[in-house]
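Protein chains: 2
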Amino acid sequence: MKEFWSSRIRGLTPYTPGEQPRERKFIKLNTNENPYPPSPMALSAIRAAADEPLRLYPDPDCTQLREVMAATCGLKPSQVFVGNGSDEVLALCFQAFFDPDRILLFPDVTYSFYPVFAALYGLQYRQVPLDEGFGVPVESFLAPNGGVVLANPNAPTGRALSLCAIRRILEGNPGAVVLVDEAYVDFGAESAVELIDRYPNLVVVQTLSKSRSLAGLRVGFALAQENLIAALNCVKNSFNSYPLDRLALAGAEGALRDPDYFRTTTAQIIATRDRTAARLKTLGFDVCESASNFLFIAHPKAPAKVLLDGLRERGILVRWWDQPRIRNHLRVSVGTQTEMDALYDALSELVR
Amino acid sequence: MKEFWSSRIRGLTPYTPGEQPRERKFIKLNTNENPYPPSPMALSAIRAAADEPLRLYPDPDCTQLREVMAATCGLKPSQVFVGNGSDEVLALCFQAFFDPDRILLFPDVTYSFYPVFAALYGLQYRQVPLDEGFGVPVESFLAPNGGVVLANPNAPTGRALSLCAIRRILEGNPGAVVLVDEAYVDFGAESAVELIDRYPNLVVVQTLSKSRSLAGLRVGFALAQENLIAALNCVKNSFNSYPLDRLALAGAEGALRDPDYFRTTTAQIIATRDRTAARLKTLGFDVCESASNFLFIAHPKAPAKVLLDGLRERGILVRWWDQPRIRNHLRVSVGTQTEMDALYDALSELVR
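So the sequences go chain by chain: F and W.
Note that UniProt numbering has the first sequence beginning at 1, numbered continuously upward.
Note that UniProt numbering has the second sequence beginning at 1, numbered continuously upward.
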């Protein structure tokens, strides 16, 4: 088999996304989706766009959406790039900024798509071990390298890095791009967006999938100085001129125009997260300090795989990786308060 | 400038899509969009999908849409791959099937994205000259090569290749993939889909952008034997797990479930095309025999660039390339009968 496969592709091990059950019978805490529906402004913008103009190509430059996003972040539209979900944006960043002969650095425990992107583009990388408590050892990212990739907050740990630490990494790498993946930043970490005007080597990636309840719409952003955004446009326009359809453009704009809804739902998730963390500790769980919309938990007596299976039997999906260092951990997305109560009840049964 | 750009990216010249004016004052015959709105079934499916489930990731495997497409084409779902527009599908094909050390072949006059994809992935290619009438010289595609890419009907000429010719090319290249880009096939060419079960080296790419009036939705397909589809999934899952949003999935399925609308609008476009071609000939235009939804025209006395500018002044956009061999041609999309009458009137004024 694999006849006709290109040599690069034969050696790839693709990313495995969390399960998306086609029936809706589960309490789904496995892919960090938002438990609240998208903003009504996003939904009505989409419905209005579902009409005759769909016969026409979308704006390849996403001009209007970039303007709204720029205003949301305090940037210029020329500092904003839009892609088909932040995974696509990250992949284009790997192509635009990293070279095969210079070694990339990222943590050993982080978003498992980073090594997959590196393999796809033939890039070498070194995985820097996090410390015992899954903290980022800043010094280790100051060694000579061809680029740094950091999720902040990190996944699947949920731990945030301070802006001060990010500045040290930016200043220690003046010749390489530092890519900060802020998929979860709105749930409690400090965004590096405010550093963009000072650091020509900083790229911040964000998404509407988590805090804006639009995982089903596939919209992600890169935010950086114009020179880096131009590189992304060069890759994008050599790959796919129109990565965002008209409905995604309309819905994304609608969501960004509704900051009140965003603030309310985000605050609710943070409150639920903190309450859940406290309750799980009473059951004996170690709970990583989370600045995200998920909790990374381990129990000293109950193996994670046993809990994973037990939760599934009780209709609750969470995420587990059969990987060194985190084999005894589960990542649990923060759902509604009711869903988290069901999780608590199931776990208290399982660890008893 | 270009500090921090990867070495591959520094040398790229991206594709230039046709103009998408933000105001709707033009008769837009420049990007081969369908003049008729999408099927009402597509629009109502999208409106129904614009709801709470958008908070959840879409099905990464596009299972249901692949089933509907398979039924539409007489294939198995495992022989169908879905991507974010056929440009993305083509780009993934270039990654999946072609290697840097084996030379790709495609015509000198064809879709201008092919050399851009090749440059992005570091592939060598040779552009095979079409004959004087822009026909494909089949023999030239039987030389040893690392892959063949053919648009059928070809763009921007509109000329179709027979299935017999495609079979010769497939049989002459048993060790290389032959990629047949059928973006325009529904307007009068023979599809190579029926050859898929016989040729393990055939990939057919189709799109909903043209004959299904959904350029704004970004949905394309690759159709091939399972082994080749598996290669595409390997690339896709190393790049972006969820390339299609929930609305695109719903709309695409709605469109495919409405074959009557598709047949009616396609027949109307073909009738308008043929009527327009006949009328333009009376003005002295050379009109390439078209099996697509556009006409490739040249006038022996009026330079194409002059016509382009004159049409624009009269509110009509068409496409022109400042390229060898086709510098005196215009590509004109087939619009409604009224739009084509306006085109005819404007051109008859301009060539007088």
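Simulated from the structure, these hints should not be mistaken for lab results.
None of the values given here were measured: they were computed from a predicted structure.
Possibly wrong hints are sitting among the right ones.
In silico DSS-like pairs for lysine-lysine, Cα to Cα no more than 27 Å straight-line [claimed, not checked]:
| id | chain 1 | residue 1 | chain 2 | residue 2 |
| --- | --- | --- | --- | --- |
| 1 | W | Lys281 | W | Lys301 |
| 2 | F | Lys301 | F | Lys281 |
| 3 | W | Lys25 | W | Lys305 |
| 4 | F | Lys2 | W | Lys76 |
| 5 | F | Lys76 | W | Lys2 |
| 6 | F | Lys281 | F | Lys305 |
Evaluation of the provided hints:
no.	hint	in the structure
1	W:Lys281 with W:Lys301	holds, 13 Å
2	F:Lys301 with F:Lys281	holds, 13 Å
3	W:Lys25 with W:Lys305	holds, 21 Å
4	F:Lys2 with W:Lys76	holds, 19 Å
5	F:Lys76 with W:Lys2	holds, 19 Å
6	F:Lys281 with F:Lys305	holds, 19 Å
Consistency with the previously given hints is maintained throughout, with no hint failing.
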